[in-house]
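One line per chain: the protein sequences are A and W, in this order.
In short: position in the first sequence from 1, add 8, done, that's the numbering used here.
In short: position in the second sequence from 1, add 189, done, that's the numbering used here.
Treat the hints as calculated values from the structure; they're not laboratory data.
It is possible that some hints are incorrect.
[Claimed, not checked] Simulated restraints on C-beta separations:
no. : chain 1 : residue 1 : chain 2 : residue 2 : range
1   : W       : Glu385    : A       : Pro254    : 51 to 57 Å
2   : A       : Glu258    : W       : Gln661    : 52 to 58 Å
3   : A       : Glu99     : W       : Gly504    : 37 to 43 Å
4   : A       : Pro254    : W       : His305    : 46 to 52 Å
5   : W       : Asp416    : A       : Ser290    : 46 to 52 Å
Each residue gets a CB set at the ideal place from its N, CA and C atoms; glycine is no exception.
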Amino acid sequence: MARYIERAENLARVLDVNETFSRDSAGGQNWMSVLELYDDGERFFEHHDAATAEAVIRFYVLELSNPGSILSTVRMARENARTLRPLISTEMWTQLNIFHNKLRELTPEDARKSRLARLCGFIKEACQAHTGITEGTFYRDAGWYFYQMGRNLERADQTTRLLDAKYHLLLPEAAAVGSPVDASQWNAVLRSASGYHAFRRIYPSGMEPVAVAGFLMFHESFPRSVAACIDGFHRNLSELRRRYVPAVGEATAAEVEALRVSLENSEIEQVISQGLHEYIDSVQLKLISLSNKLGQDFFGAEVPDGPEIHGAAQA
Amino acid sequence: MTDTNASSPLASYDPQSFFCEMLGRRDAPNRCAETVWQRIGELGLDELRARSRDAELELYNFGITFTVYTQKDAIDRILPFDVIPRVISPDDWHTIETGVTQRVTAINLFLWDLYHEQKILKDGVVPRDLVVGNKNYRPEMVGVDVPHGTYVHINGTDLVRGDDGRFVVLEDNGRTPSGVSYVVENRHLMQRAFPELMDNIGIRPVSNYGQKLHEALAEIAPAGVTDPQVVLLSPGTYNSAYFEHIFLAREMGVPLVEGRDLVVENDRAYMRTIAGLQPVDVIYRRINDDFLDPEAFDPESMLGTAGLFRAFCKGKLGLANGIGTGVADDKAVYAYMPRIIKYYLDQEPILPNVETHICREPKGLGYTLDHLDQLVVKPVGEAGGYGITVGPRASRAEIEHCRKQLEADPANYISQPMVNLSVSPTLVESGIEPRHVDLRPFAVTGRETWVLPGGLTRVALAKGSIIVNSSQGGGSKDTWVLA
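Chain A extracted, bound-state conformation (with noise of 0.2 Å):
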């Protein structure tokens, strides 16, 4: 549930940044980038002739056939939901019964470009609602522990695929390099993380490809990077077993801890100089396995969708 609202949380701001600060020198906007950033090109073009804002727009907001789409992800939040609610709370439910049922009734009128901006807003605040609400009213039991780590596993994947699909204007060979252009296009990608203001806290002038993806890679204190992430999900690991299940879990701690101690003590310029693809493709092969480890040592199986709590007896 926490893994499906943080997708679509972070599909609408991709979407409402693209839109907005996302354009070529022409002006002109390319949402081709949009669908390579989900890497989503082959189905999409089965259904769609070209990526015309519209197109793309209706694909990842409002199509069904999309498993990927707001809709398809905030209807899965909600089955997820009707499976665990007798241990979410019933204030979790109805606000996702009320996003899912407006989100249902939306038209292709309302995914216009026009109004996207708008659009995105109300996904974005109702995603933030439920994070809100889960904080303010979800129990403290295991639950909220795996809860917590859904969402930090899935915030660190979100962050590592937004920084990969940018990668390569890292390239020294790359043309426009130090443009305007490049800048605008790093610009885009920290408000995509909700990072802009962040950064610019720390490195008030300028915006060096390398200090944006050292940032969204490794700042302790930015609640998307990756390190942060990864160091939540390590305390909330450390609490569930503490409090409940002190001799479960031990593979999925050894290899967060590991995971850990390797961002903390990696340098972005070293990483760069060794390839930032190659290293985030590592990256996200660790979170799928740190995913997998967590569903084997609770649950003894392989959780698809991320470590979401199955069955009910989770007294």
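Following the hints, complete the assembly by docking chain W onto the known chain A.
Frame of chain A, contents of chain W only:
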């Protein structure tokens, strides 16, 4: 009654010859509902409609829904809610409460007897083949002792009121009766939507149902267990009553589990948790006998857990409701209920049956075939209002169809005279009109029986209809028992 001027939405309300739950009878008005009725009039039709829309939206948003599955979609439907409450006087409630308690007591004595000495069969009060030939009779239960002699821990009694204002029993539900979640949620909904309507009326609360249920369930825990772990066993999210399962688990503060979450080892039930297996002492199961335990009953069942029946028989697991209760709430056994009450309690039924003709008996069949146009014919095995032929309302073709079915399989049917169900003022398109209602009070029994002061009032929303089932266009109302 109270003065209602011409512009009042109540002015045109006319229950005709039917008994009205709000107004009572012309010669015996229901004084205790006067204030409520007057306040509804003061609110006016527009305000009632506006709040009614809000209430329905709220039900939808809260997900107080049952789910209808089609091939490509899961559609959440709300049970239509009527905002005009049904008001029950303290005297009427006393009759219902004592009558339901009497009936549940007799049913439990009957079940104990059936699964032990079978005195009632030996004495010829109830035909033996009706019981042992019944598909809901469980020979596996013979000789199994249940705590406090209670088999039916949760019971729903379907009551209707005829023209004379007397409550009569239409049906007993002693397997896994549903609907109590609506009783509580309807009240919460009314409290939010109509706070001023409820001020100083003295409505008896229903919100402690979960607590009372948990207490009763704790009473059937295995001997020696002081702080029993109770769980609610649900068939899962695809069950149309899943909302109710969640509701009850939450109200009791117990885990909701599915069959795959449980396991039986050494005749003890456990649930799987991240910290390993945790013992389970009592299961409130919302799964039918057949599917409960593939080891004891239907081996194909994917919903239950192997070994539950074994643990139950050994006294190491409490099960509510008990196994094999379906033989007591069978529509054919229903006909014998007044005699059953007399046999065990030596009392007349406080809540009488509707006169019932048993078509498995030549006399009953003959009478039924001769009076098809006056009788309501019901299959004994069906639930949900399916397969019923309402003689006085049926076409000639429908009656002939019913006759053929009866002649082909008489034992599958009972017939009853048509009861003119009472009406309750209901908000519809054209204003406030009388609509037929029934009432399902819920009784919870551990050591003793407690009846929730309220109940599910179902209303047939179509004009003139007497079928109140949700699957057939029924809705519900909040039910106010006055102190």
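Tested hints:
1. W/Glu385 x A/Pro254: 51 to 57 Å: holds, 55 Å
2. A/Glu258 x W/Gln661: 52 to 58 Å: At 56 Å between Cβs, range holds.
3. A/Glu99 x W/Gly504: 37 to 43 Å: holds, 41 Å
4. A/Pro254 x W/His305: 46 to 52 Å: The hinted range 46 to 52 Å holds for A/Pro254 and W/His305, with Cβ atoms some 49 Å apart.
5. W/Asp416 x A/Ser290: 46 to 52 Å: Between W/Asp416 and A/Ser290, where Cβ atoms are some 50 Å apart, the hint holds.
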